[in-house]
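Asker: Take a look at the letters that make up each chain.
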Amino acid sequence: MEQPAAAAVAAEQEGMAQGEDLLHQFERILHHDPLIDEVGFLHPTQFQSLDRSQTGYSTSESHEYTQEYLWCRDHKLAISSEVLPKLYRTARHAYSNSATAKDAALLEPDLMSHSKALLILCPDMLTAWNSRKMVLSVSYDFTKLKDELQLCTLILSYSPKNESTWSHRRWVIKKVSEHHQDMSGLVERESLLVKEIAEKSKMNYRAWRHRCWLISYMTREQVLDELKKSARWNELHVADNCCFHYRRSLLLALLDSHCIEGENSLDFKSEVHLLWKEELRWNEMLIRRYQGRESLWIHRRFLSQWWVEFLLSGEEMECCAAGTSLIDLFLSQEIYLLSDCLNVPADEFGEACIQAELAALYILWISKATP
Amino acid sequence: MGCLRFLLLLMQKKDSFESLVMEHIRLNGAYWGLTTLDLLHKLDAVDADEVIQWIMSCYHPESGGFGGNVGHDPHVLYTLSAVQVLCLFDRLDVLDVDKVADYVSGLQNEDGSFSGDIWGEVDTRFSYIVICTLALLHHLHKINVQKAVDYIVSCKNLDGGFGAMPGGESHAGQIFCCVGALAITGSLHHIDRDLLGWWLCERQCKEGGLNGRPEKLADVCYSWWVLSSLIMIDRVHWIDKDKLAKFILNCQDKENGGISDRPDNAVDIYHTYFGVAGLSLMEYPGVKPMDPAYALPLDVVNRIFLRKRD
Ligand SMILES: [Zn+2]
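Read top to bottom, the protein sequences are chains A and B.
Here the first sequence is numbered in my numbering, starting from 26 and rising by one per residue.
Here the second sequence is numbered in my numbering, starting from 5 and rising by one per residue.
No lab work stands behind these hints, which were simulated from the structure alone.
Backbone N, C-alpha and C define an ideal beta-carbon position, used for all residues, glycine too.
One or more hints might be untrue.
[Stated by the list, open to error] Mimicking EDC-like on lysine to aspartate or glutamate, the simulated pairs with C-alpha atoms at most 16 Å apart in a straight line are: (1) A:K393 / B:D51; (2) A:K294 / A:E334; (3) A:K200 / B:D100.
[Stated by the list, open to error] Anything over 10 Å on all C-beta distances counts as not near chain B; from chain A, calculated: (4) Q38; (5) H56; (6) H57; (7) K101; (8) N155; (9) L354.
Construct all of the structure, not just a fragment, from the sequences and the given hints.
Answerer: Put into structure tokens, the structure is as follows:
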């Protein structure tokens, strides 16, 4: 009976040694190539088909064993799914040890390297993100914070909905904003990142939430610019409600007090009203072009509801004798749109039918919103 | 229902990578699984002492919060789950109630919002979590309720719904949190019930299931978020309950038990809980009724609040 037990212990020890080898190599790869922009968790058969004639990290030090499971070239990293549990467990263990170590300052490089390895394998590990925040909080270092954004970008490239990563990203940006007056460059790059992620990950609430959150850091010019730039994108993604919500947030930001304060406030206001009219016109064009899209009609509900409230508030009165007649005019245009949508001949996909339903619901909505 | 077998199976399987990477939210998983068991009258199938001992091993006595598992940092997300599970077993007595209440109430910000932990991420979900936790512990007075309500109201959109932050897109999950928080604090008058009811009813898709936002597919978990919100604002009669119940039952794995997000997908504990909870809100036979605001079985909530009144 003693022999099998001894064999089991030996096998376990070998397993642990392999795990440590793997983690060591994994962290070495991450350290040597800070520009890795893609991670793939490959099935062993897929992994075998990779060209392994000269892997990027192979040096005299590299181990036969780990080469079977880790691969990196041209900033692309591949991990064989076969070793994921082992690698994860080892990384988890190494991270815990360095996080609970007494002499924290001394082990800081270890903590950063182990938590990074762990988070790439499991980005939900909130506690590991927190350890990083702790280290980064000690003294402000812009370069380190930029590296942190890079790590988040990498993880979001394969885990675009990961909440802990988005949250950590916002924490980093907040930190940067405490030390930098001009956030425009950073905000622009963040907005671009969300756009790229949104192309691959449809209707990603967390990504778009991030973009809406950025608005509070934007200048008025930037908000206007974002509106201009997002129009074309939205035309290509008319089924994506998130991208229209983003426009709604941008439009509302322009009306926000901090944007229209000051001597130019009158000009700013009339500029927004022109934009609003233009948005209504653009949205109608899309509604007529793309039949039966819920997100387009929801956008119209928002635009019209605000527009009616604005007309009722009477600010436009001075240019027209009767404010109410402006509303009547607007509503009759909307009913005209409805009747057009009701009169579209039926098609084989049933889109005309959905369009008619959405149009009718829209009119009902507006009639409720208009006293 | 076959849910029981699935839940017990799930507690055994521990070594797959999927279950490994779920370890950090095991406390949420415990809440989903145990509440489901209780709704099915099967809570006695688990060893209460063992569960409570494990729950308390996730507790951080220095902060007063709970981590998602042993050795994980505290966060309100797990603190509410811990409190809810202790409510299920009627064992709030093991808690240092003041300490836990101090932890969650200490996360209120100047504008009335709440951070999820010391690192400052703000979300209307955290408003709900703190308010629900404090109400269950009879400590709502520890926060500025008026400011908390004002902040939630500031997250209301023109469509009647709520987002994660001011200006955030309306989302059924966030709406549940905001409506739940307003319900618990007696502030539902801030809601335009017809407008929000309209938005929520439009979540019902052709196949009967509910989605969480426009243009999305139906998903079992929204049965809970949407239905509970509709009940709280008294507009639940606006949707077709029979069709919804059929959709949920269609998402069952008839061989192994459990419920998935959509028909024919793989089951998981999260959707099993939300499916059963959704059925509970529709008074499905054999399932205990659920309280729409506290997300606990009604008898558990009654026990907490009626006892206090004695
Ligand atoms: Zn779901």
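Asker: Run every hint past the structure and note whether it holds.
Answerer: Status of the hints after comparison with the structure:
For the hint pairing A:K393 with B:D51, the CA-to-CA distance comes to about 55 Å; that exceeds 16 Å, so the pair is violated. Distance check on the hinted pair: A:K294 and A:E334 sit about 15 Å apart at the alpha-carbon level, within 16 Å; holds. Restraint check: the Cα-Cα separation between A:K200 and B:D100 comes to about 34 Å, which exceeds 16 Å; the hinted pair is violated. Separation of A:Q38 from chain B is adequate, the least Cβ-Cβ distance of about 19 Å exceeding the 10 Å criterion.
The non-interface label for A:H56 is consistent with chain B: the shortest C-beta to C-beta separation is roughly 24 Å, beyond 10 Å. In this structure A:H57 is separated from chain B by more than 10 Å, as the shortest Cβ-Cβ distance comes to about 26 Å. With a minimum CB-CB distance of about 22 Å to chain B, A:K101 clears the 10 Å threshold, and the non-interface call stands. In this structure A:N155 is not separated from chain B by more than 10 Å, as the shortest Cβ-Cβ distance comes to only about 5 Å.
A:L354, annotated as away from the interface, keeps every beta carbon of chain B farther than 10 Å; the closest lies near 22 Å.
Against the hints set out earlier in the document, violations occur for numbers 1, 3 and 8.
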